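Protein chains in written order, with our numbering: chain E, 4 to 238; chain C, 4 to 238.
Please keep in mind that the hints were generated in silico from the structure rather than gathered at the bench.
Remember, it's a predicted structure, so these values are computed and weren't measured experimentally.
Don't take each hint at face value.
It does not matter which identical chain is used: a pair holds within one copy or between any two.
[Claimed, not checked] No more than 25 Å apart at the CA atoms, straight line, and that leaves these computed lysine-lysine pairs for PhoX-like:
{"id": "1", "residue 1": "K10", "residue 2": "K188"}
{"id": "2", "residue 1": "K172", "residue 2": "K39"}
{"id": "3", "residue 1": "K132", "residue 2": "K192"}
{"id": "4", "residue 1": "K57", "residue 2": "K39"}
{"id": "5", "residue 1": "K145", "residue 2": "K57"}
Number of protein chains: 2
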Amino acid sequence: MNSEKLKIAILGGTGNIGEGMVLRLALQNLMAEGVKNDVIIGSRSREAAEDAAKRALSELENCGFDTSRISITGSSNLEAAQAAEIVILTIRFDHVLPLLNEINEALENKILITPVVPMAKDGDLFVYKPPTEGSAALAIQKNVPPSTKVVAAFHNIPAGKLKDIVKCKAVHDALVCSDDAEAKKLVMKLTEHMGCLKPLDGGPLKQASTMESLTPLLVNLAKLNRLKDLGINFS
Amino acid sequence: MNSEKLKIAILGGTGNIGEGMVLRLALQNLMAEGVKNDVIIGSRSREAAEDAAKRALSELENCGFDTSRISITGSSNLEAAQAAEIVILTIRFDHVLPLLNEINEALENKILITPVVPMAKDGDLFVYKPPTEGSAALAIQKNVPPSTKVVAAFHNIPAGKLKDIVKCKAVHDALVCSDDAEAKKLVMKLTEHMGCLKPLDGGPLKQASTMESLTPLLVNLAKLNRLKDLGINFS
Numbered sequence: 004m005n006s007e008k009l010k011i012a013i014l015g016g017t018g019n020i021g022e023g024m025v026l027r028l029a030l031q032n033l034m035a036e037g038v039k040n041d042v043i044i045g046s047r048s049r050e051a052a053e054d055a056a057k058r059a060l061s062e063l064e065n066c067g068f069d070t071s072r073i074s075i076t077g078s079s080n081l082e083a084a085q086a087a088e089i090v091i092l093t094i095r096f097d098h099v100l101p102l103l104n105e106i107n108e109a110l111e112n113k114i115l116i117t118p119v120v121p122m123a124k125d126g127d128l129f130v131y132k133p134p135t136e137g138s139a140a141l142a143i144q145k146n147v148p149p150s151t152k153v154v155a156a157f158h159n160i161p162a163g164k165l166k167d168i169v170k171c172k173a174v175h176d177a178l179v180c181s182d183d184a185e186a187k188k189l190v191m192k193l194t195e196h197m198g199c200l201k202p203l204d205g206g207p208l209k210q211a212s213t214m215e216s217l218t219p220l221l222v223n224l225a226k227l228n229r230l231k232d233l234g235i236n237f238s
Numbered sequence: 004m005n006s007e008k009l010k011i012a013i014l015g016g017t018g019n020i021g022e023g024m025v026l027r028l029a030l031q032n033l034m035a036e037g038v039k040n041d042v043i044i045g046s047r048s049r050e051a052a053e054d055a056a057k058r059a060l061s062e063l064e065n066c067g068f069d070t071s072r073i074s075i076t077g078s079s080n081l082e083a084a085q086a087a088e089i090v091i092l093t094i095r096f097d098h099v100l101p102l103l104n105e106i107n108e109a110l111e112n113k114i115l116i117t118p119v120v121p122m123a124k125d126g127d128l129f130v131y132k133p134p135t136e137g138s139a140a141l142a143i144q145k146n147v148p149p150s151t152k153v154v155a156a157f158h159n160i161p162a163g164k165l166k167d168i169v170k171c172k173a174v175h176d177a178l179v180c181s182d183d184a185e186a187k188k189l190v191m192k193l194t195e196h197m198g199c200l201k202p203l204d205g206g207p208l209k210q211a212s213t214m215e216s217l218t219p220l221l222v223n224l225a226k227l228n229r230l231k232d233l234g235i236n237f238s
């Protein structure tokens with residue numbers, strides 16, 4: 004049974020988006036359908052990762068879930084990447100390239116999910132600041148082994164709703180881009196069972212720039228229109 | 004009474020988006036609240052504009068509306084711009100700069116609304132192709148008199164739903180960007196009474212690039228996921 008589980012490393016999993024992602028992915032083990040996962044939180048500090056894993060398990064227990072079928076552990080970013088089949092980068096863009104350099108070999112033949120959004124403050128608002136490659140996704144693809152399947156996903160998910168595993172009933176659309184059809188399909192399946200997301204095929208990886216630019220848009224719209232934790236739906 | 008009406012020119016108003024815009028703006032005259040308008044369709048061909056005006060009036064009549072309180076006329080792009088207080092550019096980006104050159108003086112002190120999206124085909128999909136200024140909106144601002152108040156709006160509105168004035172009950176969010184607070188407020192008010200749109204403040208004009216890039220995204224998502232006439236909602 005355990006051998007059928009996917010090992011998913013969430014690097015930067017102690018952060019804001021990482022926290023909700025850990026809970027939602029771990030909960031998929033209690034669902035009738037979908038992918039079963041072992042979740043490994045990666046962090047620069049192994050202790051911080053282990054603490055975050057304990058906190059996540061406590062939170063699921065406090066919500067009344069049966070955590071005997073859930074595995075959340077913590078380790079260093081490198082060890083987490085080495086142990087995983089899928090690696091999710093929930094870190095700031097300016098930390099991405101140094102980290103990729105550090106874990107490069109561990110990414111051979113793996114699926115690497117990037118929800119990374121390069122953005123900068125501009126007065127009261129945020130602006131999208133893509134690197135010369137055109138998007139964080141394309142910059143990441145350039146800095147990983149050719150065998151790594153890069154998938155752009157989970158950019159436009161409000162952290163507050165993602166963490167609110169019990170009360171949040173909102174379902175937002177989640178765009179998934181990749182040049183690898185199999186990897187895209189698996190990530191769309193993972194997305195479908197997050198409980199608050201409906202996956203949409205976003206096309207090839209070069210389309211990721213628009214998805215990335217939606218994040219500063221959502222933050223700005225919330226600020227300008229006095230809204231909160233905005234997600235997006237297409238209909 | 005007539006003197007209180009806003010004169011709105013829809014340049015390229017014989018096209019796909021222009022058609023729905025004409026109907027929705029003209030219908031505001033029958034609403035209890037909101038801005039009252041005289042709609043002037045502009046086109047390279049005065050005859051095509053006059054025909055489009057007649058067709059729009061017939062369509063409103065066929066739907067049972069009292070057209071005695073509605074004014075839709077057609078003229079050349081230049082005459083339409085000269086007569087209007089608000090000018091809407093529903094034309095392709097590659098025709099915009101030559102047209103602005105032609106009507107430049109007529110735009111002094113007026114509100115110019117751009118729903119223009121520079122995009123190009125890339126295989127089966129579309130990509131956003133902004134000019135060097137960063138967006139169509141910023142390129143337009145550079146090519147009009149300093150007294151012209153440029154407002155970016157109506158980019159992400161499905162043409163089919165916009166035209167379907169009777170049956171379409173969908174309400175999509177519509178982002179409005181401008182550096183002129185008064186102009187933005189008026190365009191948001193116009194938007195609010197379009198019947199299918201909820202205006203959101205999108206910030207200053209330099210934020211328009213993200214709004215523009217949403218249009219190829221919507222077209223691509225529809226194609227990739229077998230959907231149709233997609234609009235957008237933030238919540």
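Q | Violated constraints from the hint list, given by number and in increasing order | A | 3, 5
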